[in-house]
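Mind docking chains B and C on chain A? Use the hints.
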Amino acid sequence: MSDEKKIYELIEKLFPINRSITGDGVRETLSILREYIPLKIHEVPTGTDVFDWKVPKEWNIRDAWIKAPAGNKIVNFKKNNLHLLNYSVPVEKKVSLDELKKHLYTLPEQPDLIPYRTSYYSERWGFCMSHNQYEALTEGEYQVCIDSELKEGSLTYGELFIKGKSDREVLISSHICHPSLANDNLSGVAVAVSFAKHLLEKDLNCSWRFLFIPGTIGSITWLARNEERLNKIEYGLVLSCVGDSHGFTYKRSRQEDAEIDRIIEKVITDRGEEPDVRNFLPYGYDERQYCSPGFNLPVGCLMRSHFGEFPEYHTSADNLNFIKQESLKGTLEVLMDAAAVIEGNGTYLNCKPKGEPNLGKRNLYEKTGGGQKNSAEKMAILWVLNQCDGNHSLLDIAIRSGLPFQDIRNAADALLQTDLLRKFNKD
Amino acid sequence: MSDEKKIYELIEKLFPINRSITGDGVRETLSILREYIPLKIHEVPTGTDVFDWKVPKEWNIRDAWIKAPAGNKIVNFKKNNLHLLNYSVPVEKKVSLDELKKHLYTLPEQPDLIPYRTSYYSERWGFCMSHNQYEALTEGEYQVCIDSELKEGSLTYGELFIKGKSDREVLISSHICHPSLANDNLSGVAVAVSFAKHLLEKDLNCSWRFLFIPGTIGSITWLARNEERLNKIEYGLVLSCVGDSHGFTYKRSRQEDAEIDRIIEKVITDRGEEPDVRNFLPYGYDERQYCSPGFNLPVGCLMRSHFGEFPEYHTSADNLNFIKQESLKGTLEVLMDAAAVIEGNGTYLNCKPKGEPNLGKRNLYEKTGGGQKNSAEKMAILWVLNQCDGNHSLLDIAIRSGLPFQDIRNAADALLQTDLLRKFNKD
Amino acid sequence: MSDEKKIYELIEKLFPINRSITGDGVRETLSILREYIPLKIHEVPTGTDVFDWKVPKEWNIRDAWIKAPAGNKIVNFKKNNLHLLNYSVPVEKKVSLDELKKHLYTLPEQPDLIPYRTSYYSERWGFCMSHNQYEALTEGEYQVCIDSELKEGSLTYGELFIKGKSDREVLISSHICHPSLANDNLSGVAVAVSFAKHLLEKDLNCSWRFLFIPGTIGSITWLARNEERLNKIEYGLVLSCVGDSHGFTYKRSRQEDAEIDRIIEKVITDRGEEPDVRNFLPYGYDERQYCSPGFNLPVGCLMRSHFGEFPEYHTSADNLNFIKQESLKGTLEVLMDAAAVIEGNGTYLNCKPKGEPNLGKRNLYEKTGGGQKNSAEKMAILWVLNQCDGNHSLLDIAIRSGLPFQDIRNAADALLQTDLLRKFNKD
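The listed protein sequences correspond, in order, to chains A, B and C.
So the first sequence is numbered by the numbering used here: it starts at 6 and just counts up by one.
So the second sequence is numbered by the numbering used here: it starts at 6 and just counts up by one.
So the third sequence is numbered by the numbering used here: it starts at 6 and just counts up by one.
Isolated chain A, as found in the complex (with noise of 0.2 angstroms):
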């Protein structure tokens, strides 16, 4: 089966499941991503303090329903869980319409579907509904009913660390806490469990660390739990709303000249793709704490279209039919040339810096001369030797000559099999 069919048939898997920042929902998620991966789970009892936090109680749902006068449910949150403002505290009442009304949430510009939202640091109750169906209601007495707990409990997340020959780390990292959202964040999540099932197969020099988080507090928890090996993190992507049909957004690290940042442009633009690239905002997802002052760590995040500026965005028409097995695609894509380009960038050293050497003796050049036009392949060896003083690695020299990132490290192997370049070791 395809990549990407698989990806999409893990989306279908998890669509259902209502999710939170903490709960069974979250469990359940993650004990289907270990299905395909070797995922650790961990739990942070509530009360935890992680910097200027606490883990939130813990919250569970069962049911949640309004019945109307009539008696019937014209709101059910088993039909969407969407219909549940996420967090809702406990609630069995009869209310009248007025009174109901101050706990719905609609949107009137979009008066056909859900919204998404929540209220974690806020106890109170809700319930949303298309703006149709708000408009329909009529006065009356109203029953209902929220079937919640919050409780001492913990936070869950899931994490997955591939151990490569070094220490340096990368972080991937994609929200888990949308209830049947597709793209954002289902997306997100199964391409990163596809990702990291290719390079459990691979050979790697750097580790790569895959966090499954709750968004915000699942960020501050993991940070808060490992501040001592922040340091070791050279790159970092969160991946949030990867699924649609739109082209490729990429927002940059707060460094902005990270070398994740040219990378992710460089591996998008190499596709032929041109990719909307955003400097750094504070606001969005987990870079939000990851690239916050006191870490200022190299994490970019990639999305294709930018959260909050798609209509279907925290709808219920962010639903499968809105996300795409060939975005899916090309988003594993990007990460697996992402992923060629962080394991496979080098500084080398031109062992014959003086004049070009003569490659025709050593059979990399072609034997005609005079063709108006060189190969793809000279042009790579021409630049990689021209440029290998030290002072470039082959993703500079890539970004230098515009060639694709795979044609410099191709000509950097073909002239390693030769007395022409050697690994350049700055001490």
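Worth flagging that the hints you see were computed from the coordinates, not collected in a lab.
All clues stand as given, with none of them false.
Put simply, identical chains are the same to the list, so a pair is met inside one copy or across any two.
Straight-line distance between alpha carbons at most 30 angstroms, and here's what the computed DSSO-like set of lysine-lysine pairs gives: (1) K106 - K383; (2) K357 - K428; (3) K168 - K428; (4) K62 - K359; (5) K202 - K18; (6) K156 - K359; (7) K383 - K62; (8) K383 - K271; (9) K428 - K271; (10) K98 - K366; (11) K107 - K78; (12) K366 - K156; (13) K59 - K383; (14) K156 - K62; (15) K168 - K10; (16) K107 - K383; (17) K357 - K237; (18) K357 - K156; (19) K359 - K45; (20) K168 - K359; (21) K62 - K83.
The following block gives chains B and C in isolation, referenced to the frame of chain A:
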């Protein structure tokens, strides 16, 4: 009465006065300004050495005219002081048309307008007239009279120093040497007066120095007499041609990336207007002197139409109709906004830099999550927290974020009420 | 006779000669150049080690042809030397059409043209012809004759060193290895000769070195024999394809911001032309060698049409009709202008840096003030005074001001006649 009406009325009052680089017209002008603000008036004697220059002889003018062969006055200084070549030496004689023409200045391409011409440093006499009038002159004997006087006297300028909490100075300079020209530069003079009046009512952090000086020799004289205090000047602006209906033009200081340059560009942009920003040029107004290489002060020049680029420039068309109250108002607003940045900028430190702090528990965050858009207030708070690492001032953050400076300032003020932000002391 | 006519006539004289990277064609070419300028001719024996290369065997050719089955010569080297694969080994035999075709080179997409092809470092034989002729070949036995010789001999190049007051060197290099191709590179060779002739008549500050060398192996040979003096080279240019009617293309040195790069871009811009400026690329002419990482000399390449990008490139269409006297003239002018900058640039100090000095009393300022425009002469003087703080050369000032270098040089010369400017000595 609105600020702009007051500014316009001051211009109307000053317009008829004949001014030059010295003489009673300057004194009369400054004494009118002193009705508005507590100006100190300086008199610097003729012959005083000021760097490479000497203060010139003082020039005064009582009357000037040309009588046609028939005896009628065809040019009369008292009707329009532009008719006289400014700083003309006295003359009273009869001349042929040919001889007269050697002393006439016209604008052949703007045949209705009288040009403004000067001869400060070469003792000559002359008249300016419309080219149409010039063309209509008939043969015959003309009588010319210039009842002027060049004598040992003094150069006069006005200065207002507003002491703030700190010694750091802001210099606001406008030239007062032009006769009946409204935009160049009664607009600059009168807006400066209004700006100073506003600052006088405030409790200021910086000290503000306003100069009302004759162009070139005035600023050179002031620089020569104040050389030891120039190192206190942290920001400076020359105001000229700020009353016409064109958008803003800003000429950067010689440093080109001085903070004043960034401030003026930012406050104009924050208004939703696009400034026409020019790099420094060693020609123009007194910024030429402040930015000479021996001083290189951070002084830019704020204009609406760029000097020399509008057809009314230095002609009788630069009259009271050419300037607009609305434009004067906008210029004053830009200056007030710039003052808000100069007075209100600062560098702060996020005290909880690891991850985002919990804004909800400090009532700095909306309670319901998941919406498409973030409020500008919240974005400003996130930007301040993210960038306040000691390396970025609020101005830097405002520019980086694209948010108005005032929003960033407000966010910092809100955060300073909490344990999240404190003033950054470099040492 | 005009320069351009002389240049064109020299090209006409050189055009028929068959040249290669070694051999009598090169010698004949250089001996003609010696009629114009006092070239020193070097002979470097076959087998000499030059970095990673050895000087190749010397190749000479007397005749070459193909006879059709009917006995008539269908390809004749004496009619067009492009017909022969350059450096072909001797052959004399009868071959079938199929066998012959293995040795034929054509341009299917430009079927009227004969390509230029070489096989310097692989011992082979071959012919080039138009694709139309190739298509018309009929079955039968063909007689081929290449009366060439590959022997121990030498590589020949020409060098002209013009000693200036200082040791600082300017390198002008053009390749002389192409047979009957006019733009590539008799244009470069002949313009270089004319340029050298002009410099020989001048009293020079810098020393100028002209090289007329076979491409690649020639520059590598020269570099190997002159390694100890390379540190004297402060500017360098390769001249190639400078005779066609295209605008200027300038390929920057590997340093990309070397002074020569700024100079060439400036002098072309000063002419009112817009150079097509390319970043360095490790492919092209001998700048590849000068800019190899072991040397990294500040050597750019001046072209009109960029090598490889015009349809006539390396074909029989690059003939005497393809180059224009007007273009050769323009190229010479650019070189003369560049020489004026190289010879005339300098750093000076404003001796009266506080405020503008009084230009009027030194007769450097017009007497009547107030006009709309300033003369270019006065602006140049103001720029020189404003920027001569020891940090900016006249070239810097010319670029910064947008004024032609010559205006800035003239202003500096005028100011050097006064007490306002002096030469800046860093120590």
